[in-house]
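K.L.:
Generate the whole structure from the sequences, applying the supplied hints.
Here's the letter readout for the chains.
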Amino acid sequence: MAEVLVYVDHVDGAVRKPTLELLTLARRIGEPVAVALGNGAADTAAALAEHGAVKVLTHDASEYAEYLVVPKVDALQAAVEAVSPAAVLVPSSAEGKEIAARLALRIGSGIITDAVDLEAGEEGPVATQSVFAASFTTKSRVSKGTPVITVKPNSAAVEAAPAAGAVEALSVSFSEKATGTKITGRTARESTGRPELTEAAIVVSGGRGVNGAENFSIIEALADSLGAAVGASRAAVDAGWYPHTNQVGQTGKSVSPQLYIANGISGAIQHRAGMQTSKTIVAVNKDPEAPIFDLVDYGVVGDLFDVVPQLTEEIKTRKG
Amino acid sequence: MSLRIVVTVKYVPDATGDRHFADDLTVDRDDVDGLLSELDEYAVEQALQIAEDADDAEVTVLTVGPEDAKDALRKALSMGADKAIHVEDDDLHGTDAIGTSLVLAKAIEKAGFDLVVSGMASTDGTMGVVPALLAERLGVPQVTLLSEVSVEDGTVKGRRDGDAASEQLEASLPAVVSVTDQSGEARYPSFKGIMAAKKKPVESWDLSDLDIDADEVGLDNAWTAVDAATERPARTAGTIVKDEGEGGKQLAEFLASQKFI
Ligand SMILES: Cc1cc2nc3c(=O)[nH]c(=O)nc-3n(C[C@H](O)[C@H](O)[C@H](O)COP(=O)(O)OP(=O)(O)OC[C@H]3O[C@@H](n4cnc5c(N)ncnc54)[C@H](O)[C@@H]3O)c2cc1C
Ligand SMILES: Nc1ncnc2c1ncn2[C@@H]1O[C@H](COP(=O)(O)O)[C@@H](O)[C@H]1O
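Residue numbers (the numbering used here), protein chains in the order written: chain A, 4 to 323; chain B, 2 to 262.
Simulated from the structure, these hints should not be mistaken for laboratory data.
All C-beta atoms, glycine included, are put in the ideal place defined by N, C-alpha and C.
One or more hints might be untrue.
Listed next, the stretches of chain A that the computed footprint assigns to chain B, with coverage defined by at least 3 CB atoms under 8 Å from CB atoms of chain B [claimed, not checked]: (1) 38-51; (2) 90-98; (3) 140-147; (4) 241-254.
Where chain B lies over chain A, by a calculated footprint (3+ residues, C-beta under 8 Å) [stated by the list, open to error]: (5) 57-65; (6) 283-294; (7) 314-322.
P.N.:
See below:
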């Protein structure tokens, strides 16, 4: 059976959920072979094996943390040359897309980004994408070379599928260009203890209607009662009320949770672009004409300062 | 010596319009007004600021696109860019990201450059890959997705805010930079700027000017193929209630009925 390379997104050996989702998709096309790079690479093997990786190619070098993107492209290219895969799957993060693009160019292949589903097809893997702010769904293929496809989080279920997961050292020699862009400093994000925005099953967002950084505690309280991640519209981020890492939309994160709750958000096209594919959508807005109401499964026309605290209380009571 | 900055700008259908696909499954450009991608305005802005801080600099805006893409160049010129290059050729219709990066890279080399500044993503394709592809093709450092950028003594520095960390980056020129919408509001063209733009030079190049064969670009030679595009069915109208004191509780009832609580 053909092998499919899966680029592993991990933090010091802890595999992030989107990579496990990729393994589910990779198994539809062939046998997953994972590529894990950098500090803790070998520690990823157990989790990857449990979810279907037949092999885990690992390589660690200081270059991965010291220089931007290119060392990872060199390594992934080495893996492609070693394995001759039927496809290469990469998580659709900002960095993932850049790595995938440069790899595709080097190996003479086409690239598809931001797939939300993947199936085997007669002429290679068929990717589903959601375009024009999620108003259209397309089916595409790579028509030249080895398909390189980046896949968004929450595109498939994580499935247990135990496989050998044999660890093999990947041999990598870095190109002259690998050290072109130096990473001279790094400030890690502080963890909020809440779920990762793109991976969360429930997202609770606040917009301009929240009217102040201090009021975001109302949004956070609702999120915490549901075990949800917190999102924000660009208006709330631009006003300095909430960090940009939490922005949902075209120039923020795109999320596709089971439940999205928009509070004091009008529903501009650029915001919709990042949340329109959510399963169930709920909104609280005092303007009955707000476009967000065109998307909702359930909407409350009212003041969020009344509705949201009452909702949070009721959830806490029901959960006991 | 003068700092040569090339800004890549894309002409895109207005995102607030009703965007569609044409029969050949390329982006329909006829029914929706086009404009300079808002995310490329940030690139123009940062290029102008870098140029203002340099002793001697020249900002060239470059687009690959149809006839109307001149509008995007005009807008960038009226913001303050010095000159423009328009790559236009019938054979370019349907070119994908890999092909577009080839055309842009050849044009950038022909124009001559010390710094390329791109937007973070185009507002129609939203791939966010062209800057990385340009760095790969031009063989220069990639310093991308910056929310802060500066150039001094032949070195570009910037801050890249990623998911896990915020990173400080540094590279020597020549380099390719892309900037995010966090990099600072783009200026509005002034009346003077709009008048001045009318006199600024706009060069037109076609594929032969760039030594690119027609079979390297275009829809039929794309590296990817779109086989189907379907409009997402409109969401079925949901329940909307007016809060009369019980809105929060009603919402909780709905969430419970959907097993979220
Ligand atoms: C290139 C580009 C990229 C963009 N990217 C993004 C992006 O990634 N994400 C994003 O979100 N936006 C993005 N935008 C901005 C977008 O166009 C909108 O400006 C933004 O989404 C508006 O945010 P908002 O809904 O919070 O604010 P508004 O549109 O001002 O809406 C606020 C809403 O709150 C309601 N409200 C006010 N007070 C209350 C109250 N007490 N109780 C209940 N409701 C109340 C109002 O009725 C209103 O509907 C982008 C724009 C551009 C041009
Ligand atoms: N046809 C084009 N002409 C000029 N610049 C482009 C074109 N396509 C993409 N770009 C540049 O590349 C950036 C990223 O585009 P993309 O990878 O398509 O999302 C844009 O913000 C532009 O700066």
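K.L.:
None of the hints should be skipped; say for each whether it holds.
P.N.:
To see whether the hints hold, each was checked on the structure:
no., hint, verdict
1, 38-51, "violated (count 0)"
2, 90-98, "holds (count 3)"
3, 140-147, "holds (count 8)"
4, 241-254, "holds (count 4)"
5, 57-65, "violated (count 0)"
6, 283-294, "holds (count 5)"
7, 314-322, "holds (count 7)"
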